[in-house]
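Colleague: Join the two chains, each given in its own frame, into one complex according to the hints.
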Amino acid sequence: MSEVIVVTSGKGGVGKTTTTANIGMGLAARGKKVVLVDTDTGLRNLDLLLGLERRIVYTLVDVIQQRVGYRQALVRHKKYENLYLLATSQIADKTAITPSQMAELVKNMRDDFDYILIDCPAGIEQGFQTAVVGADWALVITMPEVAAVRDADKIIGKLLADEKKVKLVVNRIRPEIVARGDMLTMEDIDDTLGVERIGHIPDDATVIDAANIGVPVVENENSQAGKAYRNLVGRIMGESIPFMEFSGPSFFDRLKALFGR
Amino acid sequence: MFDSLFGLFGGKSKSSHEIARDRLKVVLVHDRASISPEVMERMREEILQVISKYMDVDRKSMDIGLETQDDAVAVVANIPIRNYKHPGNRRN
Chain U
1 MSEVIVVTSG KGGVGKTTTT ANIGMGLAAR GKKVVLVDTD TGLRNLDLLL
51 GLERRIVYTL VDVIQQRVGY RQALVRHKKY ENLYLLATSQ IADKTAITPS
101 QMAELVKNMR DDFDYILIDC PAGIEQGFQT AVVGADWALV ITMPEVAAVR
151 DADKIIGKLL ADEKKVKLVV NRIRPEIVAR GDMLTMEDID DTLGVERIGH
201 IPDDATVIDA ANIGVPVVEN ENSQAGKAYR NLVGRIMGES IPFMEFSGPS
251 FFDRLKALFG R
Chain P
1 MFDSLFGLFG GKSKSSHEIA RDRLKVVLVH DRASISPEVM ERMREEILQV
51 ISKYMDVDRK SMDIGLETQD DAVAVVANIP IRNYKHPGNR RN
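Those protein sequences? They're chains U and P, same order as listed.
The first sequence begins at 1 in this note's numbering and counts up by one.
The second sequence begins at 1 in this note's numbering and counts up by one.
Hints listed in this document are in silico derivations from the structure and should not be mistaken for laboratory results.
Hints may contain errors.
Here are the simulated SDA-like pairs of lysine to any residue, each with C-alpha atoms no more than 25 Å apart in a straight line [stated by the list, open to error]:
no. : chain 1 : residue 1 : chain 2 : residue 2
1   : U       : K167      : P       : D22
2   : P       : K25       : U       : E187
3   : U       : K158      : P       : I35
4   : U       : K11       : P       : V26
Same shape as in the complex, but just chain P (with noise of 0.2 Å):
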């Protein structure tokens, strides 16, 4: 009844099972996604490392956690940069 209700308006609707199942599989990938802090900490200061070799970063005002975007879920890391390193300066 709703989907003819929004078919009248032009809207594409999805039925009630179809926002079900996709809102099961995001939540889903986010459950299974989710790490305790420590992780997360092992997780950041390595990545860290890596950009740290190419680049000058800004600890203190980094961020990397998961989050939900329309239906998937990523790693979202906001790293400022202070400067880079000049390829040739670079040591190790």
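For reference, chain U alone in the conformation it holds in the complex (with noise of 0.2 Å):
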């Protein structure tokens, strides 16, 4: 059995994509069969996330238009065999993808994954109702910032009104700012949402780093933000992972932070 999750967020600068790597190769890593579609077309970035930049031939327009089959445009992972990624088209633009194409696509994709991941773009236009539309339920990625919450709020009605079952994941948490009572608290957001968070995640130098090299934060075993998403993904697959306490910097970074890194 599939199951078809789409990441998004309506905000922009959230970490959809960066969430979407995290997860996908965190289920591949389960031993999962993982396959993760990038919608936000024309602003393509999941590739360079999984290092997987320069081997990109073919895109998810490409496939829509059928020019080749998807199974000819994913892209394995270097490191995990079971990890694919499907690209999007750096040139054309959202309106190049149906809501219809995008469903029907999926539904053929089901059969060969565990997992199909959607990296939907920000917004609320038909890039985002192009990315939902063959979802079993949504991700709605989020951090504790005003504006971010509301923009939650906003596309969560809009998902609720689709009968869509959505997850929330807030991310980008700095613990320090938390332990110095300045930021809202995984309780406001709960309070304010109303909908089930499966994962929070701090946000680190680790992450930067992860993005710099292209090897997801997922992997490091000595990153907060690492184990965060390590938990989120065991959450995914029905596993019940108690929440990581934010209480300032760890031990860990603050040791880092002594030697320079």
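Modeller: Right, dumping it as structure tokens:
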């Protein structure tokens, strides 16, 4: 049985693509067969975060326009042979793919994969409709910031109106600011949005390192963010895993800062 | 730091976290309550029908809308009344 999850947020810059890459790789590391579909046509980035940017030949738009079959367009990951990327076009725009075409493609891919993760563009226009249409449920990404939570609320309203199940991830949490009491808390966000939160991810230097080198932070055993993503992956697989506490910079972070890395 | 600074002057200040939480609450009530112009028009008509049963209202200068006041959102209606209808004169 395959599961199709759309990763969405409304607001840009909260880490949709980063989260998609990390969940995908995390699921692959757990032995699942996974495909990541980038639907942010015109602003392709998932390839970069996975370190696959030099191996893209065909794109989602080529598949939709039937120039190639989707199996031909998939790029297999270097390390995990059960992880695939379907990149999108850098030259086409969001109107190149209609919701019904996307729904058809997703339906066809279900037989081949345990998990299909769809990275949604920011915004609530056609690109959003296209990304969401074929999904079983939606993972909404937000961050502890008024604008991001507001946009998440808007997106959640739309998803619930479409009768999609919604789960929440709060990303880019700065533990040191939480400890100071100067950041929206998980409780604030839960109370406000009223949907099940299945992950919260701290922001730290390891996330930036990961993007720099094209290896998602979920692979980094020494990273708090990596651990939070591994926990999230477990929860998506149905495991019950306690949530990480944030109490300022971890001992490890302080140690790292001390030695300059 | 700002807290202690404000504390010096005797004012009770909110942390930026509390300000964020409160602003979020208000903006979401407003977002969720924001309704399409068609629905707003329908609601306006229905409110008018009810009030017109009891009072003679000035339809031209009335105004109904959503307003944010402090930390709540309210339906605010300003409906000038031309005349009371005498209960005895009420039809239907």
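Colleague: Taking the earlier hints as the rules, which of them does this structure contradict?
Modeller: none
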